[in-house]
Amino acid sequence: MAVRMELLVCGGTGCQASNSNRVLEVLREGIKGANLQDEVNVLMTGCFGFCEKGPIVKVMPDNIFYVEVDEDAARKIVAEHVVKGRIVDEKIYREPETEEKLPEQSSIPFYRKQIRIALRNCGKIDPENINEYIAADGYMALAKALTEMTPEEVIDVVKRSGLRGRGGGGFPTGIKWEATRKSNSDIKYVICNADEGDPGAFMDRSILEGDPHSVLEGMAIAGYAIGAQFGYIYVRAEYPLAIHRLRVAIKQARELGLLGNNIFGTNFSFDVEIKIGAGAFICGEETALINSIEGGRGEPTVKPPYPAQVGLWKKPTNINNVETFANVCPIILNGADWFAAIGTQKSKGTKVFALAGKVNNVGLVEVPMGTTLREIIFDLGGGIKGGKKFKAVQTGGPSGGCIPSEHLDTPIDYDNLTALGSMMGSGGMIVMDEDDCMVNIAKFYLEFSCDESCGRCTACRVGNKRLLEILTKITEGNGEMEDLERLRELAETIKDSALCGLGQTSPNPVLSTMKFFYDEYLAHVKDKSCPSGVCTNLLKYYIIPEKCVGCTACARVCPVNVIHGEAKKVHVIDREGCIKCGECYRTCRFNAITRK
Amino acid sequence: MIKSLEELKQIRDKYKDVLQNREAEENKIRILVGMATCGIAAGARDTINAIVEEVRNQNLDNAIVVQTGCMGFCYAEPTVEVRFPGQSPILYGKIDAEKGREIVRRHVKGGEVIREWVLRG
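So the protein lines, in turn, are chains U and P. First residue of the first sequence: 482, per my numbering; consecutive thereafter. First residue of the second sequence: 15, per my numbering; consecutive thereafter.
No lab work stands behind these hints, which were simulated from the structure alone. Quick caveat, the model's predicted, so the values are computed rather than measured. Be aware that one or more of the hints could be misleading.
[To be verified] Partner residues aside, some chain P positions facing chain U, computed with beta carbon under 10 Å: (1) Ile16; (2) Tyr29; (3) Thr82; (4) Gln101.
Note that CB positions come from ideal geometry on N, CA and C, so glycine has one too.
Isolated chain P (complex conformation) (with noise of 0.2 Å):
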């Protein structure tokens, strides 16, 4: 039972994640995880799930994660690539799950772009 304003808030903040990828506006910041054949063989799955996990974490309401087909780097594989609304994308390659979290809290969530991961861009 609802008994508050309170309590109505806590269920909505509790449930906002829910919703949070079915809203893809055009000025968030997106992170495109590369899904094909070479990404999955190289772990981009294990990537992919921790990426979308930090940035619940972090709560970063203004990031979508999605995932991508085959960006031609396959000897670079798992391969993440940062946009910024309005500036040119970053490429990240041979990104695991841990180096994964760290791009979402140096590069989406701090503006760090991590120099020595990046491939392109």
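Only chain U is shown next, with the shape it has when bound in the complex (with noise of 0.2 Å):
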């Protein structure tokens, strides 16, 4: 009997977390206990991407998308929807402003906006079954490389497609190949980057979570074009699903003769192996992540020689990232014109954005490059929680840099971010509203680099520590206007003389934080005060005389007692004392306490 149901559970690592395992089974069991197992097939794919909403479970051919799915859900749907064919309405997804409910996924905005070319299999396949993928063109792309093209025209065919690095660099695809061709040697390597470290960026483990296989088509690809027979993915030790179903996929494509010697009868032999990183953010970097696989400490080495001439084992070495590989097939399949033809002049093709922060629909999005920031934040993501103000958007992770609403328009590629001070970085992009205070996020970023410094060249290891220190200072009411002109001298210098990238662009985040938000830092420094009422040593807490009613409640929360009143009087606090713990204006029912 032929399956005419399908339901896909979403098995990332997002979804997973919130009990995607436990609904399988329950789906499964309700569906055998119905007697239906012949006809509905339930199973589990990588991730949809809207991890916001998820426990995700989709219903196919009905294209019904449900949301939140819990076990009780799970019982439902079984009952309801795959019985007798009626939708779930408490399960459907609701449009966050108009409440509209929206059941297919197609018609929300979430997706509206998507073109899914790294994302395509996500969330359509089971990732751990190769003949999906198979099913899905998989593996044509290698066999077209293989049997049509000489390894020339594959390196031209990328070139022309106008592919760049989507780990961050951006450098154009096509010529790094090209570069690693050239590189007289008999052993070459292909790298598949997996060190996916930005806080907040997940879509790398995304696409070995929900297509594993794509990436070691693209990197088969990357070997016969450059001449190279093996190949390492690094991946980081946090990501034990993205690991699991990696070995899954190296298995049944060594199986299958896809990778090992002779793949489709040709005289082109590859394999692939794993290499487990500890979760170093310096090892995304490229030379450090050469040293790492060595077995030495993971720290850069000054860059030339490039790894195209002197990378692993000393041996001509091309290494790109997940996404990057994710793209290779399409490109072989449908040929450079048609990747050219979306994205903008310079930047083509797709990006994958991974939102987060304070918009409402937190997860994974694919749109052309050229996108603006806008469309972005408020179509895909659905605005901002709870109605408040849209701040500033950080992008390209500690790298990158804050940009602010009057830039919200700006088409997304790598030239336009790197212009407002920012980057494409690997795509994460976090969301702030009016209630983050810009100084302590620079400080944040700040000390996100001071931990992950290797310490090899001082202009790391010692200038971002003096960075901190001095945004410390700042946050804590001690900053004075000279600090602000250190700030940014010593920004520039350490921009200007660390090593490697990680050094180079860790000061973006104070160097566009001050471009974009002076007045913030004027009103820690002047005023010591911090206008989004982030930076506690600088609040200061008044009751609102007109507003108390004297309902005492501020006063019996107050820790160190503070606070002084009669019953249905006007309270008043009494600053002396108070250690800013917020606790009377978390209290307060009628808003009477404010903070400054």
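Assembly of the complex is requested from the two constituent chains, each provided in isolation within its own frame, with the hints serving as guidance.
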């Protein structure tokens, strides 16, 4: 009997964390109980990207998209939808503002503007079943490259497609391949950089979890193009599910002869090994990554020579990021012109962004290059949480910068983001609202960079520490005007003198917030106040006499007993002893307490 | 072991059906089968399974089979509705497995509306 209905359960890390494994079991039990197991199939797929609303269950071919499915909801979906064809109303996605119910995935604004190339199979196929990948034209690109194209033709297609590195650098992929091809050596390597480390970015993990074969196939094509027979995937230990799915995928590909000797009967042989990294941010930098694979310390080395000339084990090596490899197969199959027709003049194709922070629809989106920040945050992202005001979006992780509202209509591509003092990075996008203090945000990213600095060069090791000290001084209310000058000067110096990409970009959060939010720095230094009410040391709590009804609630929660007043009369805070814990502020039901 | 492009294509075609359910594009022909209590009691499960099988047998990549709730024609169950993109739907009544297969062959594949079974449209 042919399967007529399928229930796709998201098996990404996010949905698994909210119990999608159990949901899958309940659905299977229910379907067995209704004796429909031959007609209705339940399977686990990769990430749908809509992590905010997980666990996601999608019913096909009905194309009904259920959100936040728990065990009870799973039982109901079986009893109502699967057995009787009635949609379970309460688990349909609702538009946050209009409350409009949108049962079909294609009608949800989060998906409407997306073009999924790198994520094409995520949420569609079972990542642990190679046959489903093959059914979705998997390994056809490798077959085409090996049997119909010369390595030079493959490189030419990738070059003309305009694909640029998706890991942060934005270097043209085809030119990198060509450089490695031209390096003379019997042994060469392909490395997949899966050391995704930017806070809030998880597109590489999603691709590895949802479509691992697309990365293996992309790597094999790169191997053919540059003349390498061996590849490494460098993936961090924090990604156990991705590692598991990769292992399964490599095993299945070897069994079918899609990895190994004489692939498709040609004289091309290629195999892949997984290297698990210990999770140091710096190991995403390619020379540090190579040192780490070789068993050395994860420290960068000076470039040139580039890995294309002297890489792993001193052999020419081509390193690309996960998302870059995932783009390769569609380019080979559909041609360079198809890919180059999407995007902007200098940035082709699509980019996956990880939306996080104060935005309604947290998750992964893949949009054409040139989509504006406003479209991503307000159309796909559904706007700011709790109806608050947008303040800035941080792109590019700790190496990127904060972009304010006046630049929301900028079409996103590599060059525009760099011009704004930020960068594409790996595609992390953290949205901030009026309650975020930009000085504090800069401090947060700097703390990260200080933790992750490998310590090799003075500029980064000492410079960032000093930057952090100045920022801490400012957020604690001890900043002086000279500090702002020092901050800028030091940041510029680090940018110019650090050894690797991490050091050269780590002052970006400071510089970009100083550029766009200088008034907040001034408020901290001159007025000793934090306009967003974040920096605890700078806050002063007041009771507004007109609003206070004398309910005594604040006085009762104050842990240091500095709020005085009789019942039903206006209270006062004695700021001398106030420890600024904010309990009174959170307790007051009459909005009678303010902080400045 | 796959040793040629042909062998890869064979595997792809063998599993192509698996993904057919998952590609619900708007420009496909939709075949809706009423699967409420009344429909099921009248044998709609046999009907829908027969239709799914026939769609696969006829290699109709452009058709998807969807179950739906009660269409309000309980006296004429099982009901089957055929919707070509951009055309008004044709609703058939009292469709058993055999008639279901015939609808797939004559209407969905051949484009011929089987007038004598039509309830509406």
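Right, here's what the structure says about each hint:
1. Evaluation of the P/Ile16 hint against chain U yields a held restraint, the C-beta minimum of about 5 Å falling below 10 Å.
2. Restraint check, P/Tyr29 versus chain U: the minimum CB separation of about 4 Å is within 10 Å; hint holds.
3. For P/Thr82, the shortest C-beta to C-beta distance to chain U is roughly 5 Å, which falls under 10 Å, so the interface hint holds.
4. At a threshold of 10 Å, the smallest CB-CB gap from P/Gln101 to chain U is about 19 Å, leaving the interface hint violated.
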